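There are 2 protein chains.
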Amino acid sequence: MEAKLQVGVLGFGTVGSGVIHILEEHQEKINQVTGYDIAVKSVLVRDLEKNRRYAAKEFNLTTDADDILNDPDIAVVIEVMGSITTAREHILRALKAGKHVVTANKDLIALHGDELVAVAQENHCDLFYEASVAGGIPILRTLVNALAADKIKKIMGIVNGTTNFMLTKMTTEKKSYDEVLKEAQELGFAEADPTSDVDGIDAARKMVILTRLAFGMNVKLEDVETVGIRGISPQDIAIAYQLGYKIKLVGRAEENNGTVNVNVGPVLLPRAHPLSGVNYENNAVFVTGAAVGETMFYGPGAGELPTATSVVSDVITVAKNIRLGTNGNAFSNFKYETKHTPKDQVFSKYYLRLEMDDKTGTFLKLTQIFAEAGVGFDKILQEPQDDYTATVVIITHLTSKAQLEAAVKRAQAEPELKLITNYSVVEG
Amino acid sequence: MEAKLQVGVLGFGTVGSGVIHILEEHQEKINQVTGYDIAVKSVLVRDLEKNRRYAAKEFNLTTDADDILNDPDIAVVIEVMGSITTAREHILRALKAGKHVVTANKDLIALHGDELVAVAQENHCDLFYEASVAGGIPILRTLVNALAADKIKKIMGIVNGTTNFMLTKMTTEKKSYDEVLKEAQELGFAEADPTSDVDGIDAARKMVILTRLAFGMNVKLEDVETVGIRGISPQDIAIAYQLGYKIKLVGRAEENNGTVNVNVGPVLLPRAHPLSGVNYENNAVFVTGAAVGETMFYGPGAGELPTATSVVSDVITVAKNIRLGTNGNAFSNFKYETKHTPKDQVFSKYYLRLEMDDKTGTFLKLTQIFAEAGVGFDKILQEPQDDYTATVVIITHLTSKAQLEAAVKRAQAEPELKLITNYSVVEG
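Protein chains in written order, with this note's numbering: chain A, 1171 to 1598; chain B, 1171 to 1598.
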């Protein structure tokens, strides 16, 4: 029961350190669960001289990937180096050399997941990537295994910790976008160039992966309608709160009659919705199944140890498969033809904030435009902004994306109307 | 890829109907995921004549368990009949006949899980029971697979939907215990004899199962300190709310230095705690891991289709194992010697409500008693109740169970002091 299983780790950053720590710290339990003594043999680093939290007593440090990819003793390669091109090459070489691969690389899996899965199967190797979405939350294996019996109808995810941290701070402390971005950067939650987080790109990549596993469909990143939170206004957050909502950056994937719509954007969530309670850097994925109904999986979306826990759980699955001789079976073999829901079949309520010339007839024009597009109003607030301008906030009835776009286009053509904000509203 | 896999179902109640519905309704996805056409061959019923939602077109109804247990065509037996003695006998016979078993029977698994797991292994059969805890929430496989890499430190579960429904109604609608019990009974959430729910026994059974999988320890039902919500006072719910807490019936299992303490009882949860947002008949399990930190798994704790989803997910796992030839591996092989945490090592804050003679010196006596037992006060509220009596509410500092019991025992010996309520307080 104590055979040795040697692993190589590509990358010795935050997650790499966490993986090495957990493999050592939880060795006894991991032995018992897998029947293997799992040991790190070599770690690929950029700089041999850098000071690290873990001394390389028990393993080799190398700057040459060949030392891992060509080492016949290494059965499992853990890729936690990030980036796309080099990571893809290394993983392809590892798989072709018959090594099982565990990766935390969401960018890579979102873009090249299909190719890598195919190469893994050709070479009878395992390829797992639980840590690529929502850090420590085991959402991928939950979709694939636990919810296998169900038809998933809808996924809503708070899958980017940086923007959730920023929006939580803006909501609870009434701070501005620039202030909270600076705070997030100081705490290490946001990078110097925050584009990937604040423009919703990171969340969109994770939604691509979730959609593949939940609906069996391969949606391209460019097919995910993506709006970020860059420059989001404290005024909208305050108005939404007053109306009973919190604004969160949510990724949504919804199935409708064999088609799927995937989008990322700020949405208004009722304050009593379970996702509304997901604060700061935490993540959560809310899954609606035809049979199970509403479930939610909550936890830390990033961080050294939470992410490393998911990586090591994948390594444990590889080890169990080695013991049972069952490597090389696709993680998910649920596939459907990818079809996108047409815009006249994508329904939502919307929150709109406009500035309007405060003179007789403008409001009538506004209501006419929406009535003609077939968009009804659920709630309207109008407040004077200054002597000449009024702020109008509208929450629409359920309406199709096509109808809303028609109304918005017509409103934008009117010089007296200025559309400032246009967010989706989640009910229930 | 379209081999047939025949199953027998013991019981045609709520969950049995749901299982049959899902196997039929989600047949296409289940085929794709397992490679098997999974079909119900026979269903054990008590009464052949009873009207049912699903006509038995595609399968046989029988009142004789032998028709299923002796049928060589049936590879998997699904036990959803409930009860202990008969269910145990049927499952043992099924396993000894080489049939895999999926059960939703928490009472049986809590009491006889170890015996059944051993018999399953002797006969190289699978035995799964995901539906036995928290209905549609895949918490058991999450503990065993997804969190295998981590050391679990603590589990807190809202695992009884009936009492959570009642407490939610009492909190939001300020109703009395008797009113909400009646409502729960009318809605079918509570049985005519609600003992198992309101006295915490159902929750304690689920905690026994969770403790086994999370800590590898076999705690007996009688070792779970169990307090229910029978007769719980609206006054305590109101005072707790005013202090920033919600009262929920929570099962807790906590590891401490290789020992475990498991208990069930009403606790005060901070209103911002994720478990505080779990309302009505929903369940949630909050898991703290050494590495992953805090995670929560939320969803419907009961109901025909949610529970059936978990049962069918287990059947899918059995089918995958048949295809891979890997049946008969224990669901969890993580085991530790069971050791209970001594009372002087179990720490909590406590909420105490007392009635006290309203005369000089009584409050001094109260504070002396607690000071001598080493129990410090975090918060104190005193209010006159009538001309002669005062209500005193205390929230203690973190204190050991042993210290608290000593203080409570001494307070109860004083005729001027009457301890009404004694609940644990969860922080953070």
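Simulated from the structure, these hints should not be mistaken for lab results. Fair warning: there could be bad hints in the mix.
No distinction is drawn between identical chains; accordingly, a pair holds when it is met within one copy or between any pair of copies.
When the alpha-carbon atoms are kept at most 35 Å apart in a straight line, the in silico DSBU-like pairs for lysine-lysine are as follows [stated by the list, open to error]:
1) K1490 <-> K1588
2) K1390 <-> K1571
3) K1549 <-> K1211
4) K1344 <-> K1220
5) K1535 <-> K1390
6) K1220 <-> K1323
None of the values given here were measured: they were computed from a predicted structure.
How the hints compare with the structure:
no.: 1; hint: K1490 <-> K1588; verdict: neither (60 Å within a copy, 57 Å between copies)
no.: 2; hint: K1390 <-> K1571; verdict: within (20 Å within a copy, 56 Å between copies)
no.: 3; hint: K1549 <-> K1211; verdict: neither (62 Å within a copy, 54 Å between copies)
no.: 4; hint: K1344 <-> K1220; verdict: neither (41 Å within a copy, 62 Å between copies)
no.: 5; hint: K1535 <-> K1390; verdict: neither (39 Å within a copy, 72 Å between copies)
no.: 6; hint: K1220 <-> K1323; verdict: between (48 Å within a copy, 34 Å between copies)
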